[in-house]
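J.: Turn these sequences into a full structure, and let the hints steer you where they fit.
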Amino acid sequence: MDEKRELTSVDLVALTAELNGYAGAVVDKAYLYGDDLVRLKMRDFDEGRVELLIEVGETKRANVARPEHVPNAPGRPPNFAKMLRNRLSGANLHEVRQHGFDRILEFEFRREDQDTTLVAELFGDGNVAVLDQNGEVVDSLETVRLKSRTVAPGSQYGFPESRVNPLDLDYEAFAARMRDSDTDLVRTVATQLNFGGLYGEELCTRAGVAKTMDIADAGDAEFEAIYDAMERLLGDVKAGRTDPRVYYDGDEEDKGNRVDVTPLPLEERADLYAEAFDSFNDALDDYFTNLETGADEGSEEASNKPEFEAEIAKRERIIEQQEGAIGNFEEQAETERQRAELLYERYDLVDDVLSTVREARAAGYGWDDVEERFEQGKERGIEAAEHVAGVDPENGLVRLRLDGHTISLDPDAGVEKNADALYREAKRVEEKKEGALAAIEDTREELEDWKQRRDEWADEEPEEEPDEEEPEEIDWLTRASIPVRKQEQWYDRFRWFRTSDGFLVIGGRNAEQNEEIVNKYMDGYDRFFHAQAHGGPVTVLKTSAPSEPSQELDVPEQSLEEAAQFAVTYSSVWKDGRGAGDAYMVMPDQVSKTAESGEFLSKGGFAIRGERTYFDDTPVGCAVGITCEPSTRVVGGPPSAIEGQAETTVRLEPGKFAQGDAAKRVYREFRERFADESFVRKVASPDEIQKFMPPGGSRLVE
Numbered sequence: 000m001d002e003k004r005e006l007t008s009v010d011l012v013a014l015t016a017e018l019n020g021y022a023g024a025v026v027d028k029a030y031l032y033g034d035d036l037v038r039l040k041m042r043d044f045d046e047g048r049v050e051l052l053i054e055v056g057e058t059k060r061a062n063v064a065r066p067e068h069v070p071n072a073p074g075r076p077p078n079f080a081k082m083l084r085n086r087l088s089g090a091n092l093h094e095v096r097q098h099g100f101d102r103i104l105e106f107e108f109r110r111e112d113q114d115t116t117l118v119a120e121l122f123g124d125g126n127v128a129v130l131d132q133n134g135e136v137v138d139s140l141e142t143v144r145l146k147s148r149t150v151a152p153g154s155q156y157g158f159p160e161s162r163v164n165p166l167d168l169d170y171e172a173f174a175a176r177m178r179d180s181d182t183d184l185v186r187t188v189a190t191q192l193n194f195g196g197l198y199g200e201e202l203c204t205r206a207g208v209a210k211t212m213d214i215a216d217a218g219d220a221e222f223e224a225i226y227d228a229m230e231r232l233l234g235d236v237k238a239g240r241t242d243p244r245v246y247y248d249g250d251e252e253d254k255g256n257r258v259d260v261t262p263l264p265l266e267e268r269a270d271l272y273a274e275a276f277d278s279f280n281d282a283l284d285d286y287f288t289n290l291e292t293g294a295d296e297g298s299e300e301a302s303n304k305p306e307f308e309a310e311i312a313k314r315e316r317i318i319e320q321q322e323g324a325i326g327n328f329e330e331q332a333e334t335e336r337q338r339a340e341l342l343y344e345r346y347d348l349v350d351d352v353l354s355t356v357r358e359a360r361a362a363g364y365g366w367d368d369v370e371e372r373f374e375q376g377k378e379r380g381i382e383a384a385e386h387v388a389g390v391d392p393e394n395g396l397v398r399l400r401l402d403g404h405t406i407s408l409d410p411d412a413g414v415e416k417n418a419d420a421l422y423r424e425a426k427r428v429e430e431k432k433e434g435a436l437a438a439i440e441d442t443r444e445e446l447e448d449w450k451q452r453r454d455e456w457a458d459e460e461p462e463e464e465p466d467e468e469e470p471e472e473i474d475w476l477t478r479a480s481i482p483v484r485k486q487e488q489w490y491d492r493f494r495w496f497r498t499s500d501g502f503l504v505i506g507g508r509n510a511e512q513n514e515e516i517v518n519k520y521m522d523g524y525d526r527f528f529h530a531q532a533h534g535g536p537v538t539v540l541k542t543s544a545p546s547e548p549s550q551e552l553d554v555p556e557q558s559l560e561e562a563a564q565f566a567v568t569y570s571s572v573w574k575d576g577r578g579a580g581d582a583y584m585v586m587p588d589q590v591s592k593t594a595e596s597g598e599f600l601s602k603g604g605f606a607i608r609g610e611r612t613y614f615d616d617t618p619v620g621c622a623v624g625i626t627c628e629p630s631t632r633v634v635g636g637p638p639s640a641i642e643g644q645a646e647t648t649v650r651l652e653p654g655k656f657a658q659g660d661a662a663k664r665v666y667r668e669f670r671e672r673f674a675d676e677s678f679v680r681k682v683a684s685p686d687e688i689q690k691f692m693p694p695g696g697s698r699l700v701e
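Numbering (numbering that gives the first Met the number 0), first residue to last: 0 to 701.
Please note that the accuracy of each hint is not assured.
Unchecked claim - Here are the simulated DSSO-like pairs of lysine-lysine, each with C-alpha atoms no more than 30 Å apart in a straight line:
| id | residue 1 | residue 2 |
| --- | --- | --- |
| 1 | Lys254 | Lys432 |
| 2 | Lys432 | Lys519 |
| 3 | Lys574 | Lys690 |
| 4 | Lys426 | Lys3 |
To be verified - Quick list of simulated restraints, FRET-style, between CB atoms:
| id | residue 1 | residue 2 | range |
| --- | --- | --- | --- |
| 5 | Arg96 | Asp124 | 53 to 63 Å |
| 6 | Lys40 | Arg484 | 15 to 25 Å |
| 7 | Ser543 | Arg42 | 20 to 30 Å |
| 8 | Gly501 | Lys690 | 16 to 26 Å |
| 9 | Arg316 | Ser543 | 55 to 65 Å |
| 10 | Glu274 | Arg316 | 24 to 34 Å |
| 11 | Tyr364 | Pro264 | 57 to 67 Å |
| 12 | Glu94 | Tyr364 | 50 to 60 Å |
| 13 | Gly501 | Arg42 | 44 to 54 Å |
| 14 | Glu46 | Leu699 | 30 to 40 Å |
| 15 | Lys40 | Thr204 | 34 to 44 Å |
| 16 | Asp270 | Asp216 | 21 to 31 Å |
| 17 | Asp248 | Gly501 | 43 to 53 Å |
In case anyone wonders, no lab produced these hints; they're calculated from the structure. These numbers come from a predicted model, not from an experiment. Heads up, the beta-carbon is just placed ideally off N, CA and C, and yes, glycines get one too.
T.: So this is what it looks like as structure tokens:
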């Protein structure tokens with residue numbers, strides 16, 4: 000039997016009750032391992048050291064681990080871990096919540112200056128999102144942009160559409176859900192009530208009902224038995240009356256491998272050898288610690304060695320799934336084309352059916368009447384009626400059965416438009432196939448990268464665990480394969496850079512963005528810069544994140560000078576070919592949209608009142624570079640800031656080459672410097688480079 004790798008909704012009900020026992024624990028430090036394991040090191044007055052692990056990769060779980068089960072600290076912390084430390088250090092764990100009956104946990108932390116919530120999505124591809132006190136996403140491991148919801152920095156966090164929560168159902172609502180099903184009892188409990196296969200079978204077994212009984216043959220006796228079994232199981236789990244078990248696929252003499260972990264003994268697992276635990280959290284810790292290693296209590300070698308084989312196997316499985324999806328897309332597209340061709344092959348019959356429906360509806364007949372007319376036609380042996388499979392009143396469609404295909408058609412559209420819609424659907428599916436082909440190439444590149452990392456690891460001598468704050472020196476320029484790690488940020492659509500001291504500076508690309516930056520993103524203790532020359536961007540040096548309280552900070556002189564240089568460089572000074580210009584700085588409360596009497600402010604313009612700090616004769620300067628860690632991307636701005644952050648940079652000065660042409664020259668230069676040319680193509684296209692270049696002509700500085 001397959002090993003369990005994801006927690007169920009029932010598991011999370013039990014786990015939430017236990018994790019709230021750690022309320023009040025204080026966060027000391029946060030870590031990120033790879034791209035899917037978050038560790039929060041906390042201390043509790045009663046429990047002492049508390050290690051919370053949240054994993055959202057191929058394995059999806061959350062539990063408090065014994066210190067000896069915690070992996071060694073990784074190398075230099077990535078930005079996500081730094082952000083967690085900044086927001087959570089010294090914060091108290093206030094509450095752990097399960098979102099409805101979904102596989103989502105919310106960890107709420109409180110601190111005097113700000114509250115933070117970690118949302119762990121333990122379903123699908125998995126994700127961890129960090130929210131501020133207003134529910135806005137500060138950052139997330141994965142960016143999600145769907146029609147139904149968005150999870151991206153700067154956006155309001157969107158939960159997936161909630162499923163049925165059996166904890167909220169009384170008997171009448173429960174029975175109504177059951178009766179609405181068109182399958183058997185066990186599948187109804189598993190899908191309609193969201194218990195999943197294992198607990199669907201368990202509830203039927205506890206209720207003493209036949210799992211495969213058709214729902215149409217079941218009545219209140221069966222429904223009441225299942226409802227009572229459900230109430231007892233969920234009531235015990237929610238109240239913390241658990242008796243956890245870890246199940247093995249062997250016997251008492253040879254236990255074999257761990258295959259499941261549950262908060263209660265299950266009758267469906269009665270034939271498996273099991274070990275009992277005092278708490279569900281302890282059972283989870285034992286199970287997941289030994290799931291990967293297959294060794295009791297873990298081992299130093301297993302905890303130190305990266306999980307190359309697991310990552311390689313994961314991507315091989317993904318490739319297999321993607322190849323299967325491509326085959327499905329091909330088959331689906333061919334089916335849609337066949338359906339369209341059938342409409343033309345049986346044109347007269349199809350047109351007869353559609354005309355009959357149109358005429359009946361125009362005469363005021365309801366859909367039930369239309370369906371009844373076709374039934375009567377079948378009894379009289381009318382060929383067109385015999386091909387009608389039914390009607391869909393809700394969507395206004397009629398279903399035809401032609402050569403083994405059931406086709407839903409719009410009577411108002413006619414034969415040609417219905418066929419055209421099927422051809423368009425075939426084309427849409429083929430486009431999805433093209434996307435899948437591109438995705439499979441990306442996965443194959445990731446697979447090769449993991450294989451190379453495994454081989455490099457095997458060739459290295461074991462070293463002592465590195466100090467977590469000491470960066471590992473890697474020569475990215477000579478590396479044959481560089482993994483792409485992209486992190487979307489809320490400020491990406493603006494002009495931006497980070498100063499030598501780490502302050503974020505943003506600037507508008509147009510009048511609309513100038514207005515937006517001042518109205519939405521400028522806080523009380525930020526610094527406002529602008530060039531004296533016409534046509535410059537509003538430039539704001541941020542002293543806090545948009546979702547954090549503004550606070551007064553002393554900004555080092557070098558950061559102020561770099562922000563002033565940024566304001567001058569991206570103004571008309573560069574476009575005019577001049578080497579220097581003047582800029583000024585004021586505080587946000589000196590910036591106003593109210594013009595002086597008799598004056599007019601254009602869009603993107605502002606009135607400045609009070610004293611200004613001037614930066615006279617500030618030289619223009621721009622460097623464009625590529626960073627390789629913690630994320631891979633193009634950066635650009637004042638050379639003194641960028642050259643200390645990027646792996647390699649190219650300096651620019653005002654020149655004769657148009658912006659697009661200069662960007663292509665920079666791109667070619669980067670491709671010559673990196674051994675992995677495909678990496679440059681993925682992260683630093685000429686269009687991406689151009690976003691960081693000043694307006695007007697440029698040339699590369701030799």
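J.: None of the hints should be skipped; say for each whether it holds.
T.: Status of the hints after comparison with the structure:
1. Lys254 - Lys432: 45 Å, violated
2. Lys432 - Lys519: 41 Å, violated
3. Lys574 - Lys690: 15 Å, holds
4. Lys426 - Lys3: Outside the cut-off at roughly 39 Å; violated.
5. Arg96 - Asp124: 53 to 63 Å: 22 Å, violated
6. Lys40 - Arg484: 15 to 25 Å: 24 Å, holds
7. Ser543 - Arg42: 20 to 30 Å: Taking Cβ atoms as reference, Ser543 and Arg42 lie about 27 Å apart, which means the hint holds.
8. Gly501 - Lys690: 16 to 26 Å: Given range 16 to 26 Å: holds, Cβ gap about 21 Å.
9. Arg316 - Ser543: 55 to 65 Å: 43 Å, violated
10. Glu274 - Arg316: 24 to 34 Å: Since the Cβ atoms of Glu274 and Arg316 sit about 29 Å apart, the hinted range of 24 to 34 Å holds.
11. Tyr364 - Pro264: 57 to 67 Å: Given a distance of about 59 Å, which is inside 57 to 67 Å, the answer is holds.
12. Glu94 - Tyr364: 50 to 60 Å: 58 Å, holds
13. Gly501 - Arg42: 44 to 54 Å: For Gly501 and Arg42 the Cβ distance comes to about 28 Å; the hint is violated.
14. Glu46 - Leu699: 30 to 40 Å: 59 Å, violated
15. Lys40 - Thr204: 34 to 44 Å: For Thr204 against Lys40, whose Cβ atoms are near 42 Å apart, the range 34 to 44 Å holds.
16. Asp270 - Asp216: 21 to 31 Å: At roughly 29 Å between Cβ atoms, Asp216 and Asp270 fall inside 21 to 31 Å, so the hint holds.
17. Asp248 - Gly501: 43 to 53 Å: 52 Å, holds
Against the hints set out earlier in the document, violations occur for numbers 1, 2, 4, 5, 9, 13 and 14.
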